[in-house]
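Engineer: In case you want the letters, here they are:
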Amino acid sequence: MVIGAFSASAQAQSNVTIYGLVDAGLVKESGGVAGSVTKVTSGIGGQSRLGFRGVEDLGNGLSAVFALESGIKVDDGALDNSTSTLFNRQAYVGLKSKELGSFTLGRQYTMLYNAMSQVADPFGAGYAGSIKNLFATAGANTRVSNAMVYASPVVNGFSGELLYALGEQAGDSTAGRQIGFGLNYAQGPLNARLVYNNRNQDTAAVGTTPAKKQDEAKNTLLAVNYDFTVVKAFFAYATDKGLNSSPIPVANAFGYKTAPKPSTDARDILIGVSVPAGPGNVLASYTSKDDKTVNNQDATQWALGYIYPLSKRTSTYVAYAKIKNKNGAGYTVGNNNEAGTGDKAFNVGIRHSF
Amino acid sequence: MVIGAFSASAQAQSNVTIYGLVDAGLVKESGGVAGSVTKVTSGIGGQSRLGFRGVEDLGNGLSAVFALESGIKVDDGALDNSTSTLFNRQAYVGLKSKELGSFTLGRQYTMLYNAMSQVADPFGAGYAGSIKNLFATAGANTRVSNAMVYASPVVNGFSGELLYALGEQAGDSTAGRQIGFGLNYAQGPLNARLVYNNRNQDTAAVGTTPAKKQDEAKNTLLAVNYDFTVVKAFFAYATDKGLNSSPIPVANAFGYKTAPKPSTDARDILIGVSVPAGPGNVLASYTSKDDKTVNNQDATQWALGYIYPLSKRTSTYVAYAKIKNKNGAGYTVGNNNEAGTGDKAFNVGIRHSF
Amino acid sequence: MVIGAFSASAQAQSNVTIYGLVDAGLVKESGGVAGSVTKVTSGIGGQSRLGFRGVEDLGNGLSAVFALESGIKVDDGALDNSTSTLFNRQAYVGLKSKELGSFTLGRQYTMLYNAMSQVADPFGAGYAGSIKNLFATAGANTRVSNAMVYASPVVNGFSGELLYALGEQAGDSTAGRQIGFGLNYAQGPLNARLVYNNRNQDTAAVGTTPAKKQDEAKNTLLAVNYDFTVVKAFFAYATDKGLNSSPIPVANAFGYKTAPKPSTDARDILIGVSVPAGPGNVLASYTSKDDKTVNNQDATQWALGYIYPLSKRTSTYVAYAKIKNKNGAGYTVGNNNEAGTGDKAFNVGIRHSF
Numbered sequence: 001m002v003i004g005a006f007s008a009s010a011q012a013q014s015n016v017t018i019y020g021l022v023d024a025g026l027v028k029e030s031g032g033v034a035g036s037v038t039k040v041t042s043g044i045g046g047q048s049r050l051g052f053r054g055v056e057d058l059g060n061g062l063s064a065v066f067a068l069e070s071g072i073k074v075d076d077g078a079l080d081n082s083t084s085t086l087f088n089r090q091a092y093v094g095l096k097s098k099e100l101g102s103f104t105l106g107r108q109y110t111m112l113y114n115a116m117s118q119v120a121d122p123f124g125a126g127y128a129g130s131i132k133n134l135f136a137t138a139g140a141n142t143r144v145s146n147a148m149v150y151a152s153p154v155v156n157g158f159s160g161e162l163l164y165a166l167g168e169q170a171g172d173s174t175a176g177r178q179i180g181f182g183l184n185y186a187q188g189p190l191n192a193r194l195v196y197n198n199r200n201q202d203t204a205a206v207g208t209t210p211a212k213k214q215d216e217a218k219n220t221l222l223a224v225n226y227d228f229t230v231v232k233a234f235f236a237y238a239t240d241k242g243l244n245s246s247p248i249p250v251a252n253a254f255g256y257k258t259a260p261k262p263s264t265d266a267r268d269i270l271i272g273v274s275v276p277a278g279p280g281n282v283l284a285s286y287t288s289k290d291d292k293t294v295n296n297q298d299a300t301q302w303a304l305g306y307i308y309p310l311s312k313r314t315s316t317y318v319a320y321a322k323i324k325n326k327n328g329a330g331y332t333v334g335n336n337n338e339a340g341t342g343d344k345a346f347n348v349g350i351r352h353s354f
Numbered sequence: 001m002v003i004g005a006f007s008a009s010a011q012a013q014s015n016v017t018i019y020g021l022v023d024a025g026l027v028k029e030s031g032g033v034a035g036s037v038t039k040v041t042s043g044i045g046g047q048s049r050l051g052f053r054g055v056e057d058l059g060n061g062l063s064a065v066f067a068l069e070s071g072i073k074v075d076d077g078a079l080d081n082s083t084s085t086l087f088n089r090q091a092y093v094g095l096k097s098k099e100l101g102s103f104t105l106g107r108q109y110t111m112l113y114n115a116m117s118q119v120a121d122p123f124g125a126g127y128a129g130s131i132k133n134l135f136a137t138a139g140a141n142t143r144v145s146n147a148m149v150y151a152s153p154v155v156n157g158f159s160g161e162l163l164y165a166l167g168e169q170a171g172d173s174t175a176g177r178q179i180g181f182g183l184n185y186a187q188g189p190l191n192a193r194l195v196y197n198n199r200n201q202d203t204a205a206v207g208t209t210p211a212k213k214q215d216e217a218k219n220t221l222l223a224v225n226y227d228f229t230v231v232k233a234f235f236a237y238a239t240d241k242g243l244n245s246s247p248i249p250v251a252n253a254f255g256y257k258t259a260p261k262p263s264t265d266a267r268d269i270l271i272g273v274s275v276p277a278g279p280g281n282v283l284a285s286y287t288s289k290d291d292k293t294v295n296n297q298d299a300t301q302w303a304l305g306y307i308y309p310l311s312k313r314t315s316t317y318v319a320y321a322k323i324k325n326k327n328g329a330g331y332t333v334g335n336n337n338e339a340g341t342g343d344k345a346f347n348v349g350i351r352h353s354f
Numbered sequence: 001m002v003i004g005a006f007s008a009s010a011q012a013q014s015n016v017t018i019y020g021l022v023d024a025g026l027v028k029e030s031g032g033v034a035g036s037v038t039k040v041t042s043g044i045g046g047q048s049r050l051g052f053r054g055v056e057d058l059g060n061g062l063s064a065v066f067a068l069e070s071g072i073k074v075d076d077g078a079l080d081n082s083t084s085t086l087f088n089r090q091a092y093v094g095l096k097s098k099e100l101g102s103f104t105l106g107r108q109y110t111m112l113y114n115a116m117s118q119v120a121d122p123f124g125a126g127y128a129g130s131i132k133n134l135f136a137t138a139g140a141n142t143r144v145s146n147a148m149v150y151a152s153p154v155v156n157g158f159s160g161e162l163l164y165a166l167g168e169q170a171g172d173s174t175a176g177r178q179i180g181f182g183l184n185y186a187q188g189p190l191n192a193r194l195v196y197n198n199r200n201q202d203t204a205a206v207g208t209t210p211a212k213k214q215d216e217a218k219n220t221l222l223a224v225n226y227d228f229t230v231v232k233a234f235f236a237y238a239t240d241k242g243l244n245s246s247p248i249p250v251a252n253a254f255g256y257k258t259a260p261k262p263s264t265d266a267r268d269i270l271i272g273v274s275v276p277a278g279p280g281n282v283l284a285s286y287t288s289k290d291d292k293t294v295n296n297q298d299a300t301q302w303a304l305g306y307i308y309p310l311s312k313r314t315s316t317y318v319a320y321a322k323i324k325n326k327n328g329a330g331y332t333v334g335n336n337n338e339a340g341t342g343d344k345a346f347n348v349g350i351r352h353s354f
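Protein chains in written order, with UniProt numbering: chain S, 1 to 354; chain L, 1 to 354; chain Y, 1 to 354.
Take the hints with a grain of salt, since some may be wrong.
Pairs count within a copy or across copies, as identical chains cannot be separated in the list.
What the hints assert, rightly or not - Computed cross-link-like contacts, DSSO-like style, restricted to lysine-lysine with a CA-CA straight-line distance of at most 27 Å:
#	residue 1	residue 2
1	K324	K98
2	K28	K213
3	K28	K212
4	K326	K232
5	K241	K326
6	K324	K96
7	K292	K218
8	K98	K241
9	K218	K344
10	K312	K213
11	K312	K292
12	K212	K324
13	K218	K98
14	K96	K39
FYI, nobody ran anything at the bench for these hints, they're computed from the structure.
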């Protein structure tokens, strides 16, 4: 009878799982025009988050799935996005079939960002070494609302994903729409993804403001890593074309005469390693942005870090990175959560998942 | 010992239950002046939500109850209200006695809305067939803050409810106050409610802005349904009087020369059915608004839908509705969550409760 | 096998505990210039809240800890702070060692507020008797973001705490920083704390707005209570110096010719008792603010309350307080959640923790 009571209770709770990550530490940034700054920062290695998710078995290999995930700042308790969107990280509901794959509706990750954070970057798009600022992965290149995503089942290590996000503008079905797809291979030591993201940047007419026809943003990324056991090697190559294909650096943060603009035509390369050392892992990467526009505003970044695990769920870390801007480029060393303000940054912190 | 560990854990969790609903699909609206639009929409059948609730047994048939419930949009992750109120759907605490009934304080549903969604409308105030736009149930007619609600116990199928919400305006205790009550009967196949809602719309003086004396909004609704097993029949009759007694349609959405205004004196009728068919239910309704003002801006709506259950907690659905406006009325086909932008709408989607 | 299923489920849940408090009641305030007002108020005795916290045992007496805590209003469902910060009450992550103490990073309580609410005030900084308005405990004197807190282990009843919060202003490491410390003794019937809080109020240059050099706010508090069993006696003495060292009362709420300003040099005293009576406790306090500036705007407050427990987690309460302002002082009777609008207030309500 007592066990029966628990069964009811456990059953009541089992429809939803609460999960999350709290990551905080100290960040020292220098080389910015405003001077050095030391901050308590949330989400250095990965954005702090709180989420609710569930899976319901519907029988015959079919299940209903959902997730609602907030990005939060553990340094000041605020929601971690400029629009105070509660579940800014993820919000979706859908069906998943073992044989046919899954179809989900809502606010979801792009294939572009997943490939970058899960395969391309030894720093997982976090810490001082994050490649987010040099590879064009910010804003809608990371997540997109009103998206329909189909993910195929995995067959012999291969799988594929398709994303289509509606622009929802009356009278113009393509304005603001976003398309993405990914071809993935993961088997044994090899993990590889080829992904594409295409975002229409037209804005429809609103009242007396006329419609604005703009370029599309087109991003392609090849991400590969291979686990040689003594070292895991990482390689990534990307092309970024069109408006806003790079994150806009903090305006004039370096006091350049000409404000740096994000490149509208660039090629990005990353070479990185993760090396087991002692109880943890040494991470290192070299990232390079080759601006193909007439401005030729290239940049390169070196990064080094160490992750020290205290348990499967908790770790401490240190990381350092330095960026070199050319011809007035204004890229900064950031982390998973902030674009940063300087060309050098040091991190030390703790992350705990639950 | 292992079981002991669960008992502690289950006990720690048992004070609060997490629950919710994620509902999303595609909505195609047409007939609006801006042209057709196709959207990923959240809350088509019922607003997507995440809630926390608890009941504590205090002995002698008395218990303490609370609920905190957010309305959310699973299409973009945002809170689903214009003021970003975290627990905009419900927030209350109170006491519940088996013999004496319950008394709760906080942000709560009106009897008017509950009767409409729970008894009057076969679409449950959701999907394209929602009667929300034609019956006057929006804003404070749905939920009201600073409310005290008494709900009687059920005796021979009869029960009653009283709501009084304070206006909280210094020096004028009636400005902004709201009153509601309901007489309910539910026994066997018959479910009937007679409800009344009266909202004072005065605003007190603020600084140099003088107090404004306005009409009251008065809404009366008789809602009845009867389950004949082969078909469940629905009937509703309402009178709406006073300012804002109808939801304001999207201004000029249809490009009428005179912007349509919500009727300040109207009678509304709904006739509907829910018919078990195959694994699911066919829903249909005819809703009519009779504007008694000199504008005589009447409207009628036809709606048809099918709910296909995948489990007790998950279903898929399709629905279609068409509205006919007369004399420049500007009512739109909406759903549970949106007022809509056109006079025709088609829905297809999935809803999952947890 | 069924038990195994629960074990997985219980384990999945055990990483995070949901907790909270819902407190709501009626507040009648009078003596304000705008006239009397009766309100449904949330957080009269203690701010209503919803929190998520966890502890992970890392072995060797070390654990990882985190908390994310929202302040909410159960009367209207809104977040209970002007900036809509989701986890405005607490947000931190850190490590705790049985031998070495704990170190936490994030948004945290000041030692000043904890001593006042946990030791100094028989009303626990809540109800009409709250000493928050007369003792200088509002805003950053209560909680501070970007804070590092070290708390020592308890040795023979003694413990200590240190807080350092970064101002995070580029080029000026002291602008906006906050320092706090506390010396605590708790053994047998005696509970005593000596705490200090020092907040730098400089603001750095932003664009063309030059840096502003301002005083520091310095607050010292000695808080003592002693449990004589038949009565628990409370005593507190505080000095408040510098800008904004007192909460700013509602501007001109009493219509004084000269708007009352918070004292920049004051001494505060509280004498209080908590007396077991019947099933509950009678609370009473006398609070006095001695303004040492030339304005000499002193104030005194009398308060009386009764807490009636329905269970360990649920209670009902009544409280009344009256304040006397001198020389144009504008202090109001508040409660834990509101500063109040009058010089008299009556509370009746219910609080339920989960």
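Engineer: Run every hint past the structure and note whether it holds.
Structural biologist: Now for the hints, and whether the structure bears them out:
no., hint, result
1, K324 - K98, "neither (47 Å within a copy, 45 Å between copies)"
2, K28 - K213, "between (41 Å within a copy, 24 Å between copies)"
3, K28 - K212, "between (41 Å within a copy, 24 Å between copies)"
4, K326 - K232, "neither (30 Å within a copy, 70 Å between copies)"
5, K241 - K326, "within (20 Å within a copy, 51 Å between copies)"
6, K324 - K96, "neither (45 Å within a copy, 40 Å between copies)"
7, K292 - K218, "within (15 Å within a copy, 56 Å between copies)"
8, K98 - K241, "neither (36 Å within a copy, 55 Å between copies)"
9, K218 - K344, "neither (29 Å within a copy, 36 Å between copies)"
10, K312 - K213, "neither (49 Å within a copy, 47 Å between copies)"
11, K312 - K292, "neither (43 Å within a copy, 57 Å between copies)"
12, K212 - K324, "neither (35 Å within a copy, 34 Å between copies)"
13, K218 - K98, "neither (32 Å within a copy, 54 Å between copies)"
14, K96 - K39, "between (42 Å within a copy, 22 Å between copies)"
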